[in-house]
Amino acid sequence: MENKKEVVLEVQNITLKFGGVTALSDVSFNVRNGEILGLIGPNGAGKSSLLNCINRFYNPQHGDIYYKGQRITNLSPYKITKLGIARVFQGVQLYAGLTALDNLMATRHIHMKRSLWWESFHFGPARRQEVEERRKVEEVIDFLEIESIRKKTVGSLPYGQRKRVDLGRALALEPEILLLDEPMAGMNLEEKEDIARFIVDISELREIPIVLVEHDMGVVMDICDRIVVLEFGVKIAEGTPEEIKRNPAVISAYLGSQEG
Amino acid sequence: MTNVNIDRSDSGRTKEGGSLDSIPKLFRRMCQERSDSVAMRKKAFGIWNEYTWENCYQNVKHFALGMVAMGFGKGDKICIIGDNDPQWFWAELAAQAVGGISVGIYIDSVPEEIQYIAAHSESVFALAKDQEQCDKFLQITDQLPNLKKIIYWDPSGMWAYKENQWIMQFDEVLALGEKFDREHPGFYEKKIDEVGSDDLAILSYTSGTTGFPKGVMVTHGSLIWGAVQMSKNCNVKSGDEYLSFVSPAWIAEQLLGIMVWVYHGITVNFPEEPETVMQDLREIGAAFFLFGPKQWEDLLSMVQIRLTDTTLIRSLVYKMCMPIGYKVAEYELARKKIPAFWKSLYSICMLICFRPIRDYLGLRKLKIGLTGGSLLGPDTFKWFRALGVNLSEVYGASEITPVSIHGREVNLGTIGHLTDGVEAQISDEGELLVRSPALFKGYYKDPDTTAEKITPDGWFHTGDACTIKDGRELIYLDRVKDLLSLKGGAKYSATYIENRLKFSHYIKDVMIIGDETREFLLAMIVIDFNNVGRWAEKSRIPYTTLIDLSQKQEVYELILPELARVNETLPKESQIKRFINLPKEFDADEGELTRTRKLKRSVLWEKYMDLIDAAYGGKNLVVREAEVKYRDGRKGKIRAELKIMDVGGNNI
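Those protein sequences? They're chains S and F, same order as listed.
Take our numbering: the final residue in the first sequence is number 260, and no numbers are missing along the way.
Take our numbering: the final residue in the second sequence is number 1652, and no numbers are missing along the way.
Worth flagging that the hints you see were computed from the coordinates, not collected in a lab.
Here the structure is a predicted model, which is why all the values come from computation and not from measurement.
Among the clues, some could well be false.
Unchecked claim - Derived lysine-lysine pairs resembling BS3-like cross-links, with alpha carbons at most 27 Å apart: (1) 1629/F with 192/S; (2) 192/S with 1635/F; (3) 151/S with 1042/F; (4) 151/S with 1043/F; (5) 1635/F with 245/S; (6) 245/S with 1453/F; (7) 1481/F with 1453/F; (8) 1481/F with 151/S.
Claimed, not checked - Among chain S residues calculated to face chain F with C-beta under 7 Å, some are: (9) 138; (10) 147; (11) 203; (12) 205.
We treat Cβ as the ideally placed atom computed from N, Cα and C, and that holds for glycine.
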């Protein structure tokens, strides 16, 4: 049943080299509409590099990436964003001196249509546009339950809340696919539970596919529909969480080393 | 129960005709009088949305008729659980308008608690704010034979329940009601006229410090009487801004938020989220509101924390002004004339220090700040008085509505003077007995307990140990059953000591241990993780979790002087001799606190028996494994080595 869903993102035979180091070697997988795809692997397996290839920070030497049938391998990063591919980076990448609200508003600029001339005078169409953007941002604030920090400067917030604003920034883009790079790193159990719940809600409410890179195996096994496992730049397995748990290659490469 | 005579001449407006002996009648009158002025504000998506009295009237009417259309009738109950929102108030008024009864449930109740209350009250509808609360009801529908529908008002996260036959949206009920109204014009008004002062208005389930919660049956007349007393003492004027924060499941919010609202036509403001209340308070500039001691203490510690981060000059100004504030507050509390010298100094302090602080906290327009639920520490109390904030204790219970309140006459150490028409006496056991025109009708389906609590001639056993000063002022000691004695016979009040200790912003919670078999007092302390954590960061002490931080030798040494300070106020034979920093916080979900954050002593006592024994046995270290329950139902174990430390006499 799951397999019948339409493929949104197609990664075909990607190979990425930095000089003599092969970061990714012949990796292929698909992301289907409405699913949460987990991307796991030991440190240095190439998970973040793979995301960097998708949103075009890196240039893979071989292979192609298709988004909704369109080849995106040669597009520049800002065009990727305009296509609706949003990414939350490892760590926090926000304007530390701005408030949470302003951080979210700033991302909306790609949707704003008025010229600099109109925007300089805060009335008429420009004002209407701003009100409309603010409404959308407030919906994200409500969704992520960050009302209480709306007007606080991001730099003064604890890490867990900053991460939440970061996720909010990606959502404010109204993405059609979301790439999350370790959104729960460094969080305590309760914060992780919250973020996991938001991810599931985003996936089901907005019906957008999510690619999730995460180290916490409990979370990945719980919320992902399918999982792709990388080791030293090679895809060693792909399947449902149940299949991955039983896959001997995965156990020896990843899970096995955790037990010991 | 006597019929309550409604005299509203004291509010400056005289009324003629039409008896106003029930809440829906009062509400209808208020809506007719001021249809287009603002009745409520609710902040949503960052904007204060206004509702006029006419909006409210229509919503209440249609919700009531919607329920009627689904078979709701006289004497039926609706459970309501959720944050303070207009819908909460509307649903209650709607139920009452057609002769029904509302049953408020605290928002953080777990499904088992909700199941008990909903089943015991035979509720036919459940109004639950959002997905989280609906989920709780959905887990227990098979144990609630009377329940027909679960109605929600916050649609976020409800997409998954579209097909669920139990679930219904608030607006759908309104639409049903509108249709019903078209088909049966005049029905609603006729129903309102049928509700009288002696009908039940709410079932208020007590927080259950002991055993199962009991449903207190409160009539329209009692609530109206309570509202009259409150507004008289708080000097409420129509149009005053009120901030609705404490749960309407608690009688205090029933009286202030709902009753004073429909009685006086104040404007009720609902914060956006419980977490935003401090900012929202500032935006509203409320004239009066009620906070529990916890929130008042939070306000104070907010200022204390900001002071540690502020510039030298500002903290200097604060340090210079506060003693002057205390001095003047002292004169005021003693009702002495303030000497001109102090008065002029005070007005300077007001300008450069107190007013900015009050502004920062959102208390600038505050006429009266009420505190209730449990006793506020005297130090917090004095601090607010020094800033010129008119803080007032209010004491009461669901069973008798307000008993005493400070109002304009504040005496430190008391919990206010008796309200008009209330009689009080102290029994031989030291228990406060109260007789009031607003006595409740009994506990729902529990005549035995009712008979235990009310004497044949109408005195209600409060269960509180009090003394009466000058015939009309109450001094609260403790719950009667909680007054404890030590081995030597020395009596002490655990709550009193705990409140004094909680004044320290390093201590979040504390429980005092000691009984007839023990010779001294033991304190089990939960440190305030945020504040102690901040202190540790500044002192360059590395830590990971609460478990780790609480067991640091330095943290023990930080807590020690706090205990010594409180010990100075205690008689020698009942001083704290030892203490332990607990590795986890007290948690209502684990049954360690009631929903109003009171300690459940017997539970805690049993849980920490090994620690207590070790402490009295003279040990200095205990190894302990605690079981923790995660939200998804899994259980885990935490192992910790706990230190026990001696307080000693004056070893600061």
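How the hints compare with the structure:
{"no.": "1", "hint": "1629/F with 192/S", "in the structure": "holds, 16 Å"}
{"no.": "2", "hint": "192/S with 1635/F", "in the structure": "holds, 17 Å"}
{"no.": "3", "hint": "151/S with 1042/F", "in the structure": "holds, 18 Å"}
{"no.": "4", "hint": "151/S with 1043/F", "in the structure": "holds, 15 Å"}
{"no.": "5", "hint": "1635/F with 245/S", "in the structure": "holds, 22 Å"}
{"no.": "6", "hint": "245/S with 1453/F", "in the structure": "violated, 61 Å"}
{"no.": "7", "hint": "1481/F with 1453/F", "in the structure": "holds, 14 Å"}
{"no.": "8", "hint": "1481/F with 151/S", "in the structure": "violated, 47 Å"}
{"no.": "9", "hint": "138", "in the structure": "holds, 4 Å"}
{"no.": "10", "hint": "147", "in the structure": "holds, 5 Å"}
{"no.": "11", "hint": "203", "in the structure": "violated, 12 Å"}
{"no.": "12", "hint": "205", "in the structure": "holds, 6 Å"}
Of the numbered hints given earlier, the model fails hints 6, 8 and 11; all others are met.
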